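So you can see what is in the structure, the chains are spelled out below.
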Amino acid sequence: MIQKLVWENVRFRPVRTLLSILLIAVPVTLILTLIGLSNGFLDDSRRRAEGVGADIIVRPPGSSLASFSGAPLPDKLVPLLSRQPHVTQATGTVVQPVGGFDTLTGINLAAFDKMSGGFTFVEGHAFQAPNDIIIDTYYAQQRGAKAGSTINIWNHNWKVAGIVEPGKLSHMFVPIGVLQDLTNNPGKVSQIYLKLDDQRNSGTVVAELKKILPNYTIYTVREWESLISVNNIPMLSTFIHVIIGIGVVIGFAVVSLSMYMAVLQRTREIGILKSLGATKAFVMGLILWEALVLGLGGTVFGILLSFVSRAVMRMIVPASLPQAIVPTWWPIAGAIAVGAALLGALYPGWLAVRQDPIEALAYE
Amino acid sequence: MSEALSPTARSLGSDSSGAESIISVRDLRKTYQTGKVSVEALRGVNLEIRPGEFVSIVGPSGSGKSTLFHVIGGLTPSTAGQVIVAGRDVSKVGDAGRTRLRRDCVSFVFQKFNLLPNLTAADNIRTALFISGRNQSGFEQDFREILDLLGIAGRLNHKPSELSGGEQQRVAIARALATRPAILLADEPTGNLDSRNSLAVLGILRNLNDRLGQTILMITHSSEAAEFGHRIVYMSDGRIVDRSALQKPEAI
Chain A
0 MIQKLVWENV RFRPVRTLLS ILLIAVPVTL ILTLIGLSNG FLDDSRRRAE GVGADIIVRP
60 PGSSLASFSG APLPDKLVPL LSRQPHVTQA TGTVVQPVGG FDTLTGINLA AFDKMSGGFT
120 FVEGHAFQAP NDIIIDTYYA QQRGAKAGST INIWNHNWKV AGIVEPGKLS HMFVPIGVLQ
180 DLTNNPGKVS QIYLKLDDQR NSGTVVAELK KILPNYTIYT VREWESLISV NNIPMLSTFI
240 HVIIGIGVVI GFAVVSLSMY MAVLQRTREI GILKSLGATK AFVMGLILWE ALVLGLGGTV
300 FGILLSFVSR AVMRMIVPAS LPQAIVPTWW PIAGAIAVGA ALLGALYPGW LAVRQDPIEA
360 LAYE
Chain B
0 MSEALSPTAR SLGSDSSGAE SIISVRDLRK TYQTGKVSVE ALRGVNLEIR PGEFVSIVGP
60 SGSGKSTLFH VIGGLTPSTA GQVIVAGRDV SKVGDAGRTR LRRDCVSFVF QKFNLLPNLT
120 AADNIRTALF ISGRNQSGFE QDFREILDLL GIAGRLNHKP SELSGGEQQR VAIARALATR
180 PAILLADEPT GNLDSRNSLA VLGILRNLND RLGQTILMIT HSSEAAEFGH RIVYMSDGRI
240 VDRSALQKPE AI
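Those protein sequence lines, which keep their order, are chains A and B.
Each residue of the first sequence is one higher than the last, beginning at 0 in numbering that gives the first Met the number 0.
Each residue of the second sequence is one higher than the last, beginning at 0 in numbering that gives the first Met the number 0.
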């Protein structure tokens with residue numbers, strides 16, 4: 000019967016119910032979108048790193064996972080490393096952050112093609128001039144660019160030579176020499192990719208390389224991929240926790256407000272229940288059950304909204320903000336929403352159980 | 000007579016004089032405190048009601064009849080005096096005790112019907128049964144005679160907004176009777192009804208009293224309505240008075 004009372008009450012005021020569910024859904028969506036963006040960005044990075052086709056990555060000494068501080072490696076290292084035992088190919092890249100999460104990558108097209116298996120062109124062709132740029136379909140969609148159009152990146156006009164399938168290292172590629180000049184790093188690269196004769200030799204080669212390049216950051220690609228996680232990106236984990244905290248506070252506030260309004264609206268009904276002999280526990284139970292229903296409704300709606308948010312991201316900024324759907328976070332976001340709903344309902348519930356039945360019955 | 004129509008009084012109070020009373024009120028006082036202002040709503044009320052009686056309380060606004068009703072029904076505590084309802088000393092129990100009284104011993108019929116608007120008539124009745132810890136399934140069969148008497152057997156699946164005022168009040172009466180209360184407390188039960196429905200509801204109350212022996216305490220402004228009771232108690236200025244003490248009883 001309690002379930003029926005709760006359900007009928009929720010159904011009886013559809014607008015209030017929907018508004019409450021929407022308000023609870025907001026922090027759920029906020030949390031899931033942020034987690035989705037973090038995971039999506041990292042998944043995308045992992046996928047693109049794998050798309051290079053390399054077995055080992057050599058990075059500057061002391062470099063962190065997500066940092067690209069210019070191009071401090073001498074590109075003379077590339078031929079040196081390519082001559083090491085088991086190394087069959089080596090290519091250096093220059094990575095230049097160009098705002099937000101976007102980076103412009105300078106490549107030696109021939110070497111990069113050889114290692115990665117080459118781009119799959121959807122439109123256009125490879126570099127033919129110094130100011131040519133190759134972009135993937137995500138970035139082309141984001142910028143509304145087509146082969147032959149001109150786009151401005153990092154205060155430089157680039158002609159889109161070709162649009163390629165995504166999944167290889169970056170969303171934007173330019174000739175390495177041009178980017179070295181633009182960044183005042185002639186003869187320098189940001190990182191070097193190595194391909195081996197056999198991936199099983201990766202451990203041995205890394206150990207040998209660490210002997211000749213002490214202090215350098217050297218990973219197998221497998222290690223690199225495994226390191227690309229939320230916990231290994233400095234501050235990201237803290238940032239996510241802060242956002243979750245904000246989500247909880249927002250959830251708590253909106254549910255409190257919603258339940259407070261619900262209790263006010265139902266003052267007379269609570270008076271009726273009390274006149275029938277309903278105990279404080281019964282009234283509190285009703286309020287908490289209703290909060291639970293709204294919390295669960297908000298969770299489901301929030302999850303659905305995270306799909307909408309992903310669709311919008313894919314439409315507007317597919318390259319810069321790839322959003323993943325992370326089902327493992329659904330129960331966590333749900334627990335936060337339901338917990339906030341229950342906590343938020345406690346005060347209005349307490350008000351409800353304290354209500355004088357006579358005053359409640361006289362409430363208009 | 001079916002179980003539903005059997006006499007409903009479960010436990011009776013008895014005063015020190017030995018007379019059986021289902022309601023026994025002795026020197027009842029109730030003072031409301033509003034800020035620094037005290038309002039004495041009841042100033043030493045004494046009242047005895049026997050099981051099976053249908054008593055009407057009449058009096059002008061501010062006479063204290065609603066306050067008396069609320070104290071007897073356990074909706075508000077008394078300030079002083081003794082109130083025994085169905086064997087329970089209401090003046091000595093706290094909020095939980097008054098809640099139990101409302102759940103187990105008394106039922107209310109209000110002027111504004113006070114049905115839960117989001118529930119059907121049947122679910123309103125089931126809610127009262129649920130709160131009182133009774134079986135809710137099949138109440139339509141258990142209470143067939145009452146529902147027929149009230150004329151709402153065919154209206155149980157309607158929500159209050161789909162019912163006329165008279166029908167809503169009949170549902171409220173059915174809900175009140177469903178828990179088989181020792182005492183039915185009716186607060187201006189015809190106050191929101193037209194004269195035809197008023198007469199019908201009052202007739203139902205009298206019929207319930209005659210046929211079931213249901214104890215009824217009714218508050219009313221209307222002297223005509225009050226005539227449906229066995230006994231009329233007049234109140235003025237927080238006290239029970241002789242009718243002759245009221246200068247213009249017709250004005251009540």
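Mixed in with the good hints, there may be bad ones.
What the hints assert, rightly or not - Mimicking DSBU-like on lysine-lysine, the simulated pairs with C-alpha atoms at most 30 Å apart in a straight line are:
no., chain 1, residue 1, chain 2, residue 2
1, A, 3, B, 91
2, A, 113, A, 75
3, A, 75, A, 210
4, A, 113, A, 210
5, B, 158, B, 91
6, A, 145, A, 113
7, A, 210, A, 158
8, A, 279, B, 158
9, A, 3, A, 279
10, A, 113, A, 3
11, A, 75, A, 209
12, A, 279, B, 91
13, A, 158, B, 158
14, B, 111, A, 113
15, A, 187, A, 210
To be verified - Cβ-Cβ distance ranges computed for the label pairs, FRET-style:
no., chain 1, residue 1, chain 2, residue 2, range
16, B, 33, A, 326, 33 to 43 Å
17, B, 38, A, 3, 21 to 31 Å
18, B, 190, A, 331, 20 to 30 Å
19, B, 38, A, 6, 35 to 45 Å
20, B, 33, A, 263, 19 to 29 Å
21, A, 15, B, 144, 55 to 65 Å
22, B, 59, A, 15, 32 to 42 Å
23, A, 18, B, 95, 51 to 61 Å
24, A, 14, B, 190, 48 to 58 Å
What the hints assert, rightly or not - So, partial list: chain A residues that the calculated Cβ filter (under 8 Å) puts toward chain B:
no., residue
25, 0
26, 14
27, 207
28, 208
29, 276
30, 281
31, 357
32, 362
Honestly, the hints are just simulated from the structure, not real lab data.
Keep in mind the model is a prediction, meaning the values are calculated, not measured.
Cβ atoms here follow ideal geometry from the backbone N, Cα and C, with glycine treated the same way.
Quick rundown of the hints versus the structure:
Simply put, residue 3 (chain A) and residue 91 (chain B) have alpha-carbon atoms about 35 Å apart, too far for the 30 Å limit, and the pair is violated. A threshold of 30 Å between alpha carbons decides the hint, and for residue 113 (chain A) with residue 75 (chain A) the separation of about 19 Å falls inside it, so the pair holds. Straight-line distance between C-alpha atoms of residue 75 (chain A) and residue 210 (chain A) comes to about 18 Å, which keeps the hinted pair within the 30 Å bound. Taking the CA atoms of residue 113 (chain A) and residue 210 (chain A), the gap is near 27 Å; set against the 30 Å cutoff, the hint holds.
Pair hint residue 158 (chain B) plus residue 91 (chain B) does not hold up; C-alpha atoms about 39 Å apart against a cutoff of 30 Å. Of the supplied pair hints, the one linking residue 145 (chain A) and residue 113 (chain A) holds, its CA atoms being roughly 25 Å apart against a limit of 30 Å. Taking the CA atoms of residue 210 (chain A) and residue 158 (chain A), the gap is about 43 Å. The hint is violated against a cut of 30 Å. Between residue 279 (chain A) and residue 158 (chain B), the direct Cα distance comes to roughly 26 Å. Compliance with the 30 Å bound is thereby established for this hinted pair.
Only pairs whose Cα atoms come within 30 Å are accepted, and residue 3 (chain A) paired with residue 279 (chain A) is accepted, the gap being roughly 18 Å. Between residue 113 (chain A) and residue 3 (chain A) the CA atoms are separated by roughly 67 Å; this puts the pair beyond 30 Å, and the hint is violated. Between residue 75 (chain A) and residue 209 (chain A), the direct Cα distance comes to roughly 17 Å. Compliance with the 30 Å bound is thereby established for this hinted pair. Restraint check for residue 279 (chain A) and residue 91 (chain B): satisfied, since their Cα atoms lie roughly 19 Å apart, inside the 30 Å limit.
A threshold of 30 Å between alpha carbons decides the hint, and for residue 158 (chain A) with residue 158 (chain B) the separation of about 70 Å lies outside it, so the pair is violated. Restraint check: the Cα-Cα separation between residue 111 (chain B) and residue 113 (chain A) comes to about 86 Å, which exceeds 30 Å; the hinted pair is violated. The straight-line distance between the Cα atoms of residue 187 (chain A) and residue 210 (chain A) is roughly 22 Å, inside the 30 Å bound, and the hint therefore holds. Between residue 33 (chain B) and residue 326 (chain A) the beta carbon distance is about 58 Å. The supplied range of 33 to 43 Å is therefore violated.
Judged by the Cβ atoms, the range 21 to 31 Å given for residue 38 (chain B) and residue 3 (chain A) is violated: they are separated by roughly 41 Å. Distance hint check for residue 190 (chain B) and residue 331 (chain A): the Cβ-Cβ separation is about 55 Å, which falls outside the suggested range of 20 to 30 Å. For residue 38 (chain B) paired with residue 6 (chain A), a C-beta distance near 42 Å keeps the hint of 35 to 45 Å intact. A beta carbon spacing of about 22 Å between residue 33 (chain B) and residue 263 (chain A) agrees with the range 19 to 29 Å that was offered as a hint.
At roughly 40 Å, the beta-carbon separation of residue 15 (chain A) and residue 144 (chain B) lies outside the given 55 to 65 Å, and the hint is violated. At about 41 Å, the beta-carbon gap between residue 59 (chain B) and residue 15 (chain A) stays in the expected band of 32 to 42 Å. Our hint of 51 to 61 Å for residue 18 (chain A) and residue 95 (chain B) is violated, since their Cβ atoms are close to 36 Å apart. Under the hint 48 to 58 Å, the C-beta atoms of residue 14 (chain A) and residue 190 (chain B), about 32 Å apart, miss the expected range.
Interface restraint check: residue 0 (chain A) against chain B, minimum CB-CB distance 4 Å, threshold 8 Å, status holds. For residue 14 (chain A), the suggested interface contact is broken, since its CB lies about 14 Å from the closest CB of chain B, more than 8 Å. Checking residue 207 (chain A) against chain B: minimum C-beta separation of about 76 Å lies over 8 Å; hint violated. Interface restraint check: residue 208 (chain A) against chain B, minimum CB-CB distance 73 Å, threshold 8 Å, status violated.
Contact between residue 276 (chain A) and chain B, as hinted, is supported at the beta carbon level, the nearest pair being about 3 Å apart and thus within 8 Å. Against a cut-off of 8 Å between C-beta atoms, the interface hint on residue 281 (chain A) holds, since the closest Cβ of chain B lies about 7 Å away. With its C-beta approaching chain B no nearer than about 5 Å, residue 357 (chain A) sits inside the 8 Å limit, and its interface hint holds. Evaluation of the residue 362 (chain A) hint against chain B yields a violated restraint, the C-beta minimum of about 11 Å exceeding 8 Å.
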